[in-house]
Amino acid sequence: MKRLMTTVIAWAAIAMTFATAVSAATLDDVKKRGTLNCGANGQLPGFGLPDAQGNWAGLDVDLCRAVAAAIFNDPNKVKFVALTAKDRFTALQSGDVDVLARNTTWTSSRDSQLGLNATAVNYYDGQGFIIRKDLKVNSALELNDATVCVQQGTTTELNLADYFRSNKMRLKSVTFLQVDEAVAAYESGRCNAYTTDASGLYGVRLKLAKPDDHVVLPEIISKEPLAPFVRHGDDQWFDIVKWVHFAMVNAEELNVTKANVDDQMKSDNPEIKRLLGVEGPFGEQLGLTKDWVYRIVKHVGNYGEVFERDVGQGSPLKITRGLNALWTKGGLQYAPPIR
Amino acid sequence: MMTPGAASGPPKAPLLRDPRFRSLVTQVALCVLLAAVVWLLVEAARANLARTNVASGFGFWNVTAGFDISQTLIDYSSSSSTYGRAFWVGLLNTLLVAAIGIVLATIVGFTIGIAQLSTNWLVARLAVGYVQLVRNVPLLLQLLFWYNAVLKALPDFRDSVRLPGGGYLNNRGLFLPGLDLGGAGPFVFCALLAGIAVVAALVMLARRGRIGALTATALSVLAVLGLPLAAFLVAGGTASLVYPQMSRFNLYGGIEVLPEFVALVAGLVVYTGAFIAETVRAGLLAVPRGQTEAALALGLSRGVVLWRVVIPQAMRVITPPLTNQYLNLTKNSSLAVAIGYPDLVQIFTGTVLNQTGQAVEIVAITMAVYLAISLTTAVLMNVYNARVALTER
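Residue numbers (the numbering used here), protein chains in the order written: chain A, 542 to 880; chain B, 9 to 401.
Keep in mind that the hints were calculated from the coordinates and are not lab data.
For glycine and all other residues, C-beta sits at the position ideal for the given N, C-alpha and C.
Treat the hints loosely; a few may be bogus.
[As the list claims (entries may be wrong)] Computed spacing ranges between beta-carbons, pair by pair:
# : chain 1 : residue 1 : chain 2 : residue 2 : range
1 : B       : 160       : A       : 748       : 13 to 21 Å
2 : A       : 682       : B       : 161       : 27 to 35 Å
3 : A       : 708       : B       : 185       : 24 to 32 Å
4 : A       : 764       : B       : 193       : 40 to 48 Å
In isolation and in its complexed conformation, chain A is listed as follows (with noise of 0.2 Å):
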């Protein structure tokens, strides 16, 4: 009977969980939990990578510290959660993250059929290939026949077999789990090429044994909007994922830098008087802090301080603004004014 009382338990506790594992309030729970639930690639360079401390950086790892310097005025109170390319939606549906921030291309089904929302595009990227210099192969164009390495469960997949059909070319694709097996596929000869989003052809060059040996191929071959994810209904939450980003950029536009930020304080710039709170109610108005947006810049920076510490020129990967430049200066990145 002991043992009948226990499975019972255990059963009332697993319905519990899934009873109450989406909840519609996410900054409530948030902030009840004390720690952001963040799930982040843990394989990328440049985008979502522990270090051997087990410290987290890239792009995407700074979004998430920066919602929770805005939220707690404290960028460690996130958990980091690695996921990979095929169970990284299914975990935030059913909760277990608050915010899907891993190099994830925003599309029309994503935004629909997944139950989830794009918030706001944090890197535009596109699909692209690397191949052996000594294969002398120059453009995508001339990969008739070849075989390319994948890595499962992303758009890459789709984008691959269109791009190799719409060409006339015959292709032979492995699909891989994990990016590492994927990667050793392709260096072992397996495979001529491998492909995925341009920012992590660098990342993967520069893991192989003899970079120099390797070169990315001019083509980029689809369109990757990157953005971070929140689940479908919570529009506070999705304004705030949303806005975290539009703050960081808009504190670029405005130079209004980690190491300035406490002088910009005093600024007489009305745009800067209310990105900072010391104006107008707008933190309030999304459910944080007055001082939100300096809480963000102060502890984690703008949006190009943290481009260039994680995949600009501050870090090995060397990826130059491109298409990721702000608007004034010939990129994309475009943020709607905080007033």
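Fit chain B to the supplied structure of chain A, relying on the hints for placement.
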């Protein structure tokens, strides 16, 4: 009937203390509770899915898949095939690995199991060493080892080894000339299966003495060769050999054996073979020593003693745990996802799940499929077990 009538048995206890009544009540209560818990779970999941607007239902089955699969036993194209078709491709790939794996693991297992009991010291020690080494290393690690070993051992595409008869071997796989039957392929394959079924029936008849061994053999050959040939002629096929053609990056045409497939089968066979070897060893040791001694005393050779006296009796002990090993092998084949072999889990609960986002439906289907495969294997093995079991008289 030696037992006295039940009515005149022990005096009737009050209902509440009647053990049969009490156990019945407990069972019913447990069932109701279980049903309630299941209902609660399903209802909670349904409500959560509805609240977050996650799509549900099986409408995705007929939607175009759009992705490429590296090994397809049936026609599949990324441009026109559906998710449903992708499911069948994955299922067949899983069944292929399971079928080949089970046959090879049985051979390896019996060989090693018998070798463990060999009177030759070196052979016995080597066999024991193999079992201990393989049983104690996680299967996933072994699969990664085999995959890397296969890839590293084989030459690069540009240094492909030419095999006699027009085949090639490189780290993309083994490429062999294939037989193109001009559209009659599926018919010939079905006819071959029918032929094998006929052979099985003939063997049973011959065992019961209904037909002679010579007739059975002749009819078997006729069934296996004749039926496919007839199907080929009726379907109006044309036979031609297709040789693999070298292109800039790859070989196309003919039969292609992927390195992922070889690594997966090798890993599963070596791993499961070690467990089967232990089962076989235990079974052989369970046969009383007297049986061997008696057979030897009759002047039978050691080989005959093993195959005709010991193993048939050992099968009674071996079969039930052997079934477990077959089921394990089938289920373990889902680790294919780690080394890029497109099995059911990789294609269906991997890519299809990710593209449709319908985790509940897809995982449920996959679980049902593995359950069906396992139950079928178990039923077949139970039938066999009933045949070899000791008949008590």
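Exercise for review: Report the numbers of all earlier hints that the structure fails to satisfy, in ascending order.
Suggested key: Checked against the structure, no hint fails, so every one of them is satisfied.
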